[in-house]
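Each protein sequence line maps, in turn, to chains A and B.
For the first sequence, my numbering gives the first residue as 29, with consecutive numbering after it.
For the second sequence, my numbering gives the first residue as 3, with consecutive numbering after it.
Hints are computed from structural coordinates only; laboratory data are not their basis.
In this text the structure is predicted, and so the values were computed from the model without any measurement.
The beta carbon of each residue, even a glycine, is placed where N, CA and C say it ideally should be.
A portion of the hints provided could be inaccurate.
If you want the footprint, here are the derived chain A segments under chain B, 3+ residues with CB under 8 Å [unchecked claim]:
1. 124 to 137
2. 179 to 187
Away from chain B, derived, C-beta distances all over 12 Å, residues of chain A [to be verified]:
3. F96
4. A115
5. R120
6. I121
7. R140
8. L143
9. L145
10. K153
11. G160
12. V163
13. L170
14. R174
15. L204
16. L215
17. S233
18. I244
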Amino acid sequence: MAGAAAPPEIELIIKDSRGGGGGGGRPPDGGDGGDDGDRDKRRRKGSPSPRRFSTGIAIGMVSILMFFMALASAFLVLHHGSKVWVAVRLPRILWANTAVLLGSSFTLERARLRLSLGDAPAFRKLWLLTTGMGVLFVAGQLVAWRRLVAQGVYIASNQASSFFYIFTGAHGVHLLGGVAALLFVALHDFEKSQISVSLAAEITSYYWHFMDALWIFLFALLYLGK
Amino acid sequence: MVTYDSGGNHAETPRGGSVSRYLLSTDHKTIGLQYLWLALFSVFAGMAMSLVMRIHLAWPSVHLPFFSALGGTPERYALLPLLHGSLMVFFVLTAAPQLGFGNYFLPLQIGAREMAFPTLNLFSFWATVVSFFGIASAFLIAPQTGIALWVASVSLFCGAALCSAINFAVTTIDLRAQGMTLPRLPLTVWAWFINAILGMLIFSILLAACLCLLSDRFFSTQFFSALDLLASQPPSVAPDALLVLWQRLFWFFAQAEVYIAMLPCFGVVTHLIATFSRKPVWKERLVVLALCGVGLVGFCVWGQHVFSSGLNPLSPLVFSVLASSLGLPATILLVSWFATLWKGRIRFHTSLLFVLGFVSLFVSGGLSGILLAHTALTATAVAEDLVTGHFHLVMGVAATFAILGGLFFWFPKLFGRRLNEPLGKLHFWLTFAGVYCVFMPMHWLGLLSHAGKNPRANLAAIAAWIGPARSFITAGIVITVFAQGIFLFNFLWSLFRGEGVKECNPWRATTLEWSVALSTPSDDLGACEPIVYRGAYEFGVPGAAEDFIPQHVAPDRVAKAN
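Next up, chain B with everything else stripped away, as it sits in the complex:
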């Protein structure tokens, strides 16, 4: 366990050289940053893969030098979407908003000096890194062994995610500073907390499913390899359930994984909207309930799978109703965001632009989600492009926008410098236009191919549209990837040369992480235990001199307006 010396001195935990100081540090800030670096690397790797895939789709005959060098066999190409998906889902969408920002800021925001179990946290991080290399190298070796390695790596990731989830939940429950009651928790913390509980439930399911899968591969059991089993049985036997078992176990996880990626983003977005519009969050309690509702529905959507197991004819109906009922908490969140922005003194920093981009993408993606919750459409037309467009817009791109918003907001805290604003705005507008150019035509392609199933459809007319639409999407993705180059430049340049931040609260925010010096080396909170006196969103309080009152300022020390 880490102990702390008196404030100001360096923590005594690190021994040896700087390598072990950074790599084996149990400090939650170091670990949080390491998760962010991992996510940054993964997002660029994943984006490169999507570029390869789209180029192949639009111009199949184009020769891609690096890809061909790997041996561009069909099996290898089939692994490419798998690798793209696993990198993006596990190491970007799960890692960055929850494990990266969460590790860094959850203890700071609740006034704790550490996570509840720092050593366990270190273990989780390294298990995540090992699973990252496992998944990446699964792509490079022979496909059959590669898949086994992939499953083993995902199991390891599940174990790491479970340890992190326990750590997050316990930290929030037991390590809050004096006065940090639950109603005073920032909404980011609420989101991380609810997300940790959801993660704890669903990653155990994926772990169980992966272990059964590994047992199938190594001990020749037949949990999922029902096809082999069926082949050896008389033809009268038709156990439907066997075939769908893996799908179901997997989808318990995968359906909820969407909320795992989105929940912390909801938290960050609500937090940033309040901070940049200088107003309290509209109906804060209701927003907390809505966040709980998202977690609960995420939980029940698969719970429905477990207990109905597809044998009950009513289950698709119930599932559909549940999926649609996500609309209620989502609507509450949306209304609260707009009501908070309404008549606020809004400051259009890049951070807020990304957050507003998130809201826009969330609405457009959510609308197509309603289409998909309608079972008839999904059942008849497995309109792949529509599904791809939908979940990329909501889960992938919207979450990335929230992560970028959070990064622009917390960059001064992380590195003591600001990201460049003009470059950031250019990056935002190019990306915003780019992703709409990519994913909106994809919805349209999905609907087109759905129309193609109609016997009276004019197939030639439909087919004439598909090629140009694909080329348009590919052009869009090239622009979007180019815009990320601007971001990468901005990030690296600002890291070393960016405008330094002198004051410790550059955004004039209220939460505890801004009450201490920026990019603190080791000790979080200085010599004194923080005491919390008020809620997290006290903006524009009548009678106060400033338009915000930080959580840690005692009532008798609040400057009064004259």
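Bound conformation, chain A alone:
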């Protein structure tokens, strides 16, 4: 499991950022005033390490993946075990939504590229465009729900439709979290913050691409599972 696989990488990171494992450091009680004391204080006052945010989001993504895998396995079990499965006719707007979401991943990467080149206004513009596309996707999903309702397909109509609403609903809620993160990066003042805007953008991009890939997976599952 992860605990067993992790050591070499983590070891490397530690060596990178902290300059060697143990044994060589300054004795713990050396800092009585002067430069050393100041350095200590600065280190203590700062946040532990901004890397915790990327680790946290990585672990969170595994957890979210497990959540959807449990639903997906329930979907497969019920689909194959049931002889009364009534397929849902997927609304066509889902294809457009998928295109919008894929496009948003693209604009997000463009935005980060602009940021790395130091072009803050272009970054902001592209970033807000990404956010807008995210909102558009959620709106498109709601339209898809309306279409189904218009056809008389409700969440309780049959198991296939239940799964359709559960999958799109759960994914939508998670994606709204991503939209919140995008808005946070766009509106937060990073001058006084613990982390830089580029790190925040990077972490958000992980989550956003993950949501993108997750939607492709769910869409394929729903489409093939008709």
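Based on the hints, put chain B in the right spot on chain A.
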């Protein structure tokens, strides 16, 4: 986020009165203690329920005043085991060893000042408390709404557990002090870390299952209510899979939940055995691998469920092999514990007694587990008493022994006082004898009822044994509960009047939590960043003056023997 002022001063986070200082504190020590208080309350509530149930089983006609006042209808009685189980599993076995001790000691042992996300930690705690009240009040309202409330509360608990798991994993990965490389991590930290990763995987599954269940209840979907669906279908349709789906989704979680409860206990037990026998852990690396193995097998046991989904005839076989393969890491752990104790200068404090009690219970419970991994037995005789006896012995009682061992060990760190040793020993021996009197006859009852299924069995002779055995079990549980009264007295008395501890390392232990003042109010590690120079179990190092070298002492400052 919490920031820290220079050492010695109070942290500036708490504002307002003492209520908000304790209840809204993001300090990992405060939160850890709060989890421990929650667990203490839950364990006594759960124990009272088991007492009620056993009394009912042995003497069905006895009138229990408080229970009757709640309206002792059959539905309410049926909810009692549910409530007992949920309180014990979620708020004692999951909360105390991982969230309680883990929150308090994981940052201290790795030399971090805080958890990675303190505010998230506070949120997890309060979500846990809300789910506790939800589960408890589910018992008091009408059963139908009560069950919905119960499911919603369990979902909330899952969310809280996921947040905690992320917090634990990130803290271990990113917040270790300088020099605290992975091989130098104390085994407690390894266990908490592996457990966090396992928890992160399985609580998402339970969360998904609970959400489907809630959707069934509120949106009338039919994920699990397959019976209604079947009733409306032609009789030729027989989708077997529908009926077992909930069971399977639930058991993915429940099978691994056993390891969730046990893993941190393994960590604590290994740690305490090394400390009290004054010897390094035997084959420390191998023990780490064994802990990973327990997590991995715990993970695969349900993974097997997911992908075979019961439709494949081979799956029971594979499942059985996997369940038996848990024997390997368990054996490694056992061998390491005995090898560490072997020729050690063992100090029989109450803490170690409880740890040895854990080992004993783990072995006896594990042996009956081998019986249960044999599919034929479980399939033919759903020998309820045998199963009950088995998992209570391993998961419930053994884990509780490890928690008590940890509590006796860390009490000076938590409160600056010692628990009373003679009272502790009395408590240990009464409890130890009591639980064997309760759960061993239960195994026997299970085997008896299994024998009763044999067509040639002498049913009258079997039935003659069942009543006295049940009464014996009930007598045993009364003694055990009485012994817990001794513990409660000891705990409360020692909290206020116990023998104070002056030195900061009363057990002469090596890990970082003992390198700073006891029951530190706010700042964990004082003014200086700790630096770690060696592994966690340097006992009896040749050439050193003392029989232990703490992790934070620089090589040139280690006192040499003359």
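So, going through the hints one by one against the coordinates:
1. Beta-carbon proximity to chain B at under 8 Å applies to 0 residues in the segment 124 to 137 of chain A; the threshold of 3 is not reached and the given coverage is violated.
2. Residues of the segment 179 to 187 of chain A with a Cβ under 8 Å from some Cβ of chain B number 4, which satisfies the need for three, so the listed coverage holds.
3. Listed as a non-interface residue, A/F96 fails to keep its Cβ farther than 12 Å from every Cβ of chain B; the least gap is roughly 8 Å.
4. At the 12 Å boundary, the C-beta of A/A115 stays outside the reach of chain B, the nearest C-beta of that chain being 16 Å off.
5. Every Cβ of chain B is farther than 12 Å from the Cβ of A/R120; the closest lies at roughly 25 Å, confirming the non-interface assignment.
6. Interface exclusion of A/I121 from chain B stands, the closest Cβ pair being 23 Å apart, more than 12 Å.
7. Every Cβ of chain B is farther than 12 Å from the Cβ of A/R140; the closest lies at roughly 23 Å, confirming the non-interface assignment.
8. Separation of A/L143 from chain B is adequate, the least Cβ-Cβ distance of about 24 Å exceeding the 12 Å criterion.
9. The claim that A/L145 is not at the interface with chain B holds, since no C-beta of that chain comes within 12 Å of its own (minimum 29 Å).
10. Here A/K153 stays apart from chain B, with its beta-carbon at least about 30 Å from theirs, past the 12 Å limit.
11. For A/G160, the non-interface assignment is confirmed: its Cβ lies about 29 Å from the closest Cβ of chain B, beyond the 12 Å cut-off.
12. The Cβ of A/V163 sits about 24 Å from the closest Cβ of chain B, beyond the 12 Å cut-off, so the non-interface label holds.
13. The claim that A/L170 is not at the interface with chain B holds, since no C-beta of that chain comes within 12 Å of its own (minimum 17 Å).
14. In this structure A/R174 is separated from chain B by more than 12 Å, as the shortest Cβ-Cβ distance comes to about 17 Å.
15. Separation of A/L204 from chain B is adequate, the least Cβ-Cβ distance of about 16 Å exceeding the 12 Å criterion.
16. Every C-beta of chain B lies more than 12 Å from that of A/L215, the closest at about 19 Å, which supports listing it as non-interface.
17. At roughly 19 Å, the least C-beta separation between A/S233 and chain B is larger than 12 Å, which holds for a residue marked as non-interface.
18. The claim that A/I244 is not at the interface with chain B holds, since no C-beta of that chain comes within 12 Å of its own (minimum 20 Å).
Against the hints set out earlier in the document, violations occur for numbers 1, 3.
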